[in-house]
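Those protein sequences? They're chains A, B and C, same order as listed.
The opening position of the first sequence corresponds to residue 1 in our numbering, with each subsequent residue numbered one higher.
The opening position of the second sequence corresponds to residue 272 in our numbering, with each subsequent residue numbered one higher.
The opening position of the third sequence corresponds to residue 561 in our numbering, with each subsequent residue numbered one higher.
Keep in mind the hints are simulated off the structure, nothing from the lab.
Predicted model only: the values in this text are computed from it and were never measured.
Among the clues, some could well be false.
[To be verified] Quick look at which bits of chain C chain A covers, simulated, 3 or more residues with Cβ under 8 angstroms:
| hint | segment |
| --- | --- |
| 1 | 756-763 |
| 2 | 798-807 |
[Said to hold, decoys possible] Distance windows between CB atoms, simulated:
| hint | chain 1 | residue 1 | chain 2 | residue 2 | range |
| --- | --- | --- | --- | --- | --- |
| 3 | B | 550 | A | 37 | 52 to 60 angstroms |
| 4 | B | 451 | C | 579 | 31 to 39 angstroms |
| 5 | A | 63 | B | 427 | 43 to 51 angstroms |
| 6 | B | 491 | A | 54 | 33 to 41 angstroms |
| 7 | C | 724 | B | 550 | 43 to 51 angstroms |
| 8 | A | 13 | B | 491 | 36 to 44 angstroms |
| 9 | A | 71 | B | 447 | 44 to 52 angstroms |
| 10 | A | 74 | B | 275 | 46 to 54 angstroms |
| 11 | C | 872 | B | 420 | 26 to 34 angstroms |
| 12 | B | 440 | A | 54 | 48 to 56 angstroms |
| 13 | A | 13 | B | 327 | 36 to 44 angstroms |
| 14 | C | 872 | B | 393 | 19 to 27 angstroms |
| 15 | C | 898 | A | 71 | 23 to 31 angstroms |
By construction, the Cβ of each residue, glycine as well, lies at the ideal position given by its N, Cα and C atoms.
Spelled out from the first residue to the last, the chains are:
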Amino acid sequence: MSLLAVRDVSKRFGGVNALAAVTFNVDQGDVLGIIGPNGAGKTTLLNCISGLYRPDTGDIEWEAETISGMAPYRIARLGIGRTFQIVRPFPSMTVRENTAMGALFGRPHGRLQPGAALAEADEVLDLVGLGEKRHYPVLRLTVPDRKRLEVARALAMRPRLLLLDEVMAGLNHVEVEQALEMVRRVRESGVTIVLIEHVMKVIVGICNRALVLNFGRTLVEGPPAEVLKDRRVIEAYLGERYARSQEPPSDAPPTVEGNQHHPRVGESNEE
Amino acid sequence: MSQFTQQVILGLLLGGVYVAVALGFSLVWGILNIVNLAHGALVIVGAYITWDLFTRLHIDPFLSLPVDALALFVIGYALQRGVINRVIRAPLLFTFLLTFGINLVIVSLLLLLFTADFRSVTPSYSGSGLQLGSITIPYIRLGGLLVALLLAGVLWAILNRTRVGAAILAVGADRDAAQLVGVDLRHIYALTFAIGAAFAGVAGGIISTFQSITPTAGDPYTLQAFAVVILGGLGRVSATVAGGLAFGLIEVLGQSTPGLGSGYANAIAFVVLVMVLIVRPRGLLGRLA
Amino acid sequence: MTAAERRLPSRVRRSVVAIAAVALAFVILAPLTSIDAAQQAGLPLLTDKLWFRIATTVAMFVVLASGWNIIGGLTGYASFGNVAFFGLGAYTVGVLVQNLGWPFALALVAAPGVAAVFALIIGLPLLRLRGHYFAVATLGVGVAVGEVVNNVGALGASTGLFLPIVRSDLIFFYLMLGTAVLAVLTTWIILRTRFGYGLLAIRENEEAAAVIGVNTTFYKVAAFCVAAALTGLAGGIFAQWNSFINQENVFAITDNVQMILMAVIGGAGTVLGPVAGAIALELIIQTLAGGGSGAVYSQIGLGVLLAVCIIFIPRGVIDFFGGRSRLSLRYFRQTLRETSA
């Protein structure tokens, strides 16, 4: 039995099909990467899973219980946490208080009191690397730190599934490495992860499966390395002509120039 | 049956007034994101100007409308540039409170100048109207409707056919982008508000012809303007026209329902408001927010 | 220049607290000099009818401002219709006491109940709206309920409702004061519990609050009901104290704006902000009103004061006490720069 089952989910906004018949499963221990061009529907998918949107058709099941259409707070308490692409901290609270909010409200069982929640927050902050800044007001944090805070707050909920929406966006190479390390630590603590990313280093580096969305439809699913080589994926990102131009010609002999390095999706020439 | 038709006609005529009142309100809200609680006060100022010109100089109310427009334009520009502009980037609550304060000041000044006595403007053609069979169309009301539609046309023309209008729409769409292409933000803000005030002034002039005015008579119009904009939708002149006419119909038909009377004007406005917000938030013709 | 932002010097703060304590003691104890026993014991009369009237009104606005603060300041939903709860509380007492012969004490228990139930009914649909829409929808509630009351014969229609006169400045003062203490205490307790954190989260970022497990609908409606109950209780007391209620004096939108202004000027979202704001503003209003040409000038004064405060002190006076800013020209200029075009 899968942890999360998304079946045939569709969502329209006005005339636009944000999601069309999306189907996939997430098993315990997975790190599923969701990729796709901008506007492919990735964030909409997360919003449907976390309850901010209600799918027009289809079902979303968590441990065989239907959660599509449930209020967001109930889905949260079932053990699903998420971050937002553009971070949403609570500005009037400190880092510690922000994190504690996750513990205060998101636990599946038992209600924590503010004091206990703050104590829990300290542990989580150490995990994500914000321990020293626990008393900072949120507005003093840099962008990478705000993203960490966003993750910390979700982790304080002790979720079984964590949905990360472009946690790496806007980070430089060093920061991406650090963030990757943090995500690894989260995975090792037993949390199943679904992450939306554009940074392919992350997908290849930590995901055991990848799912590609394009125009709201699932394109390909499978191990990251294979998915990234798939012609359809290259076509989605870089266009049909480019994809065609990268295919080896059917009957022609090997080219005189020898090995040509064809960049795959997500690689740049510097890497 | 003709009773019903008479009601419908009256409803549309009343709707004309609402269109006139709501146009300026809608413009300021749509472009500046300000819900102007002093709008009703601006309307009443226009009414008093018309009354004053009528009483002292015997100028026909409809001829005094341009004077209303000009006077309120100047007042509106000064008000926005000098006062409201200072809080335009503050949270909505503050502009709300500020415009309420302005409303208080304007109404109080009117009380000092004109006392609370009821004033009316009664041109010679006040009582008469167009007779179509058993249906009467009062001239005053008809004039009001025509002026309202004219105003709508003028606003549409300003917004869609002039450079200034383009600047206004640009500022409404994206303030920062508009600045980047050289729009003088503060001037356009003030200009937009001034235009809204001018329209309010004209509406006031119209109102003075069929209603007795007193300094506090403007307050209900603010709430009704809000209801009209919600009902019709934000973002287009046609939406405000539709909303105003619809609202006029609802009010007339609602008040002729047994059990309700003219004392329920505000209650009706509110119920309409809430139902629209819940059922169809963008109104009849509004753009998706 | 964050280093430059300091609290008011602790010397000043200490003296302010001391003055406030003395003033509070006076307010609580002085009225006792008016009872017969004190008079016979030779104590000087420290309070007169005017004092009682003003003090009771100030206490009333403390309740109103604190009540508004719970839904507007803590939760971030600026209601312009709280005065409807005041009026409903007033009319509940009015109808129960005058028309149905209930004892005042019993009616006073019913008043907050009626207001809270109304808040529940109206809150469920309206709290789904945000910003402008919520503000004006609630404005509509305030106006509409008042209008309905004005038209219904059984409620006195436009004439209003007269209650049997109870002459006791003392009782009503202490009742209102007690309610004010209750209101402040309620706010203080809320801010120390999970409920309070939930409200703050809703104010700061409602969607984030929802996805971390805050039942936003329940919390918002609950806050609205608590605010309504406190406001309704004040209304109930007012009805008997004033012995006369009609649409104009218990459904006045200016009262609603006043309570908002008090909470905001004092410092929305804090415990003592509404108290400070209510006391300061009401005293100013009473002074303006008493000063001769009466109502009109006090209105102008209120309007101008409102404008000035909104423009120059958006975060509230409590800012200077709470540690966020110094009272300085730089503060005002910075505020202006942040909020002007």
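Results of checking the hints against the structure:
1. 756-763: Per the Cβ count (4), the hint holds.
2. 798-807: Not satisfied, violated; 0 residues make the cut.
3. B:550 / A:37: 52 to 60 angstroms: violated (36 angstroms)
4. B:451 / C:579: 31 to 39 angstroms: Check failed, 52 angstroms falls outside 31 to 39 angstroms.
5. A:63 / B:427: 43 to 51 angstroms: Since residue 63 of chain A and residue 427 of chain B have Cβ atoms about 57 angstroms apart, the given range 43 to 51 angstroms is violated.
6. B:491 / A:54: 33 to 41 angstroms: holds (39 angstroms)
7. C:724 / B:550: 43 to 51 angstroms: holds (46 angstroms)
8. A:13 / B:491: 36 to 44 angstroms: For residue 491 of chain B against residue 13 of chain A, whose Cβ atoms are near 38 angstroms apart, the range 36 to 44 angstroms holds.
9. A:71 / B:447: 44 to 52 angstroms: Distance hint for residue 71 of chain A, residue 447 of chain B is violated at roughly 36 angstroms.
10. A:74 / B:275: 46 to 54 angstroms: holds (51 angstroms)
11. C:872 / B:420: 26 to 34 angstroms: Taking Cβ atoms as reference, residue 872 of chain C and residue 420 of chain B lie about 43 angstroms apart, which means the hint is violated.
12. B:440 / A:54: 48 to 56 angstroms: violated (34 angstroms)
13. A:13 / B:327: 36 to 44 angstroms: violated (59 angstroms)
14. C:872 / B:393: 19 to 27 angstroms: violated (46 angstroms)
15. C:898 / A:71: 23 to 31 angstroms: Violated, at about 36 angstroms.
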